[in-house]
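Count along the sequence shown from 1, add 9, and you get the number used in the working numbering.
In short, the hints are calculated from the structure, not lab data. Watch out, some of these pointers could steer you wrong.
[Said to hold, decoys possible] DEER-style ranges, computed between Cβ atoms:
1) G43 to L184: 25 to 31 Å
2) K120 to L27: 21 to 27 Å
3) R85 to Y114: 39 to 45 Å
4) D24 to A134: 17 to 23 Å
5) S26 to V144: 29 to 35 Å
6) L27 to R87: 22 to 28 Å
7) W128 to E44: 27 to 33 Å
8) P124 to G43: 15 to 21 Å
9) R85 to V147: 24 to 30 Å
Where is the CB? At the ideal position from N, CA and C, for every residue including glycine.
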Amino acid sequence: MTHPRPVQVSDLLADFSLYDRETITVQDLLDHFGERAFGALMLVFAAPLILPMPPGLSAVLGAPLVFITAQLMVGRQRLWLPRIVSQRSIRHRDFIAIADKVLPYLRELEKRLKPRMTWALAPLAERLIGAVALVLAVIVFLPIPFGNMLPSLAIAVLGLGIVERDGLATLIGWLTAVASVALLAFVSKALAAATVTFFTTLLAPF
Numbered sequence: 010m011t012h013p014r015p016v017q018v019s020d021l022l023a024d025f026s027l028y029d030r031e032t033i034t035v036q037d038l039l040d041h042f043g044e045r046a047f048g049a050l051m052l053v054f055a056a057p058l059i060l061p062m063p064p065g066l067s068a069v070l071g072a073p074l075v076f077i078t079a080q081l082m083v084g085r086q087r088l089w090l091p092r093i094v095s096q097r098s099i100r101h102r103d104f105i106a107i108a109d110k111v112l113p114y115l116r117e118l119e120k121r122l123k124p125r126m127t128w129a130l131a132p133l134a135e136r137l138i139g140a141v142a143l144v145l146a147v148i149v150f151l152p153i154p155f156g157n158m159l160p161s162l163a164i165a166v167l168g169l170g171i172v173e174r175d176g177l178a179t180l181i182g183w184l185t186a187v188a189s190v191a192l193l194a195f196v197s198k199a200l201a202a203a204t205v206t207f208f209t210t211l212l213a214p215f
């Protein structure tokens with residue numbers, strides 16, 4: 010006896026191509042993903058920022074990420090978003106264009122994921138995931154040139170791990186999170202040092 014393949018995030022994301030409307034709101038996404046909302050929306054809002062995207066998109070996608078990860082951190086069972094966030098919208102054709110870029114990678118990843126190492130997804134562990142993802146979401150929200158790609162990857166992997174109940178994926182997400190923060194700290198320190206050197210040289214007497 011064969012069992013039907015469970016509906017995956019990629020399937021749900023592809024469903025939006027069938028929507029007959031001009032715009033898609035954050036509330037539409039929340040309603041569509043239902044019980045998978047936390048992990049799925051972490052993935053949906055973070056994944057596009059891994060790829061080169063138009064300036065300003067990080068601010069649009071980063072705000073919902075902050076609310077989602079904060080609620081995961083405090084252990085809420087049902088996701089709630091304020092109206093100012095839930096009613097944010099994106100043009101349907103733009104959303105589909107972004108989804109088309111993300112879906113091939115997502116489908117390849119889903120083939121490799123399965124429920125395992127579920128101790129890494131215990132309630133306390135999920136709250137810790139929420140805490141680190143919140144820090145990353147704040148970084149994503151900030152206008153740091155090229156500073157949101159690696160944190161967005163970490164959030165997306167953590168979200169996918171939650172959806173698929175794959176503890177190994179969440180551990181990879183943890184490692185990516187540590188690497189992204191370390192890299193950002195290194196780059197920030199290097200930029201600060203370069204700025205000090207520039208002005209010291211500029212103001213030095215001839």
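Now for the hints, and whether the structure bears them out:
1. G43 to L184: 25 to 31 Å: holds (30 Å)
2. K120 to L27: 21 to 27 Å: holds (23 Å)
3. R85 to Y114: 39 to 45 Å: violated (29 Å)
4. D24 to A134: 17 to 23 Å: At roughly 30 Å between Cβ atoms, A134 and D24 fall outside 17 to 23 Å, so the hint is violated.
5. S26 to V144: 29 to 35 Å: The hint (29 to 35 Å, Cβ to Cβ) holds, given that S26 and V144 are roughly 34 Å apart.
6. L27 to R87: 22 to 28 Å: holds (26 Å)
7. W128 to E44: 27 to 33 Å: Roughly 21 Å apart at Cβ, these two residues miss the hinted range, so it is violated.
8. P124 to G43: 15 to 21 Å: The hint (15 to 21 Å, Cβ to Cβ) holds, given that P124 and G43 are roughly 19 Å apart.
9. R85 to V147: 24 to 30 Å: Once the Cβ atoms are compared, 18 Å apart, the range 24 to 30 Å for V147 and R85 is violated.
Of the numbered hints given earlier, the model fails hints 3, 4, 7, 9; all others are met.
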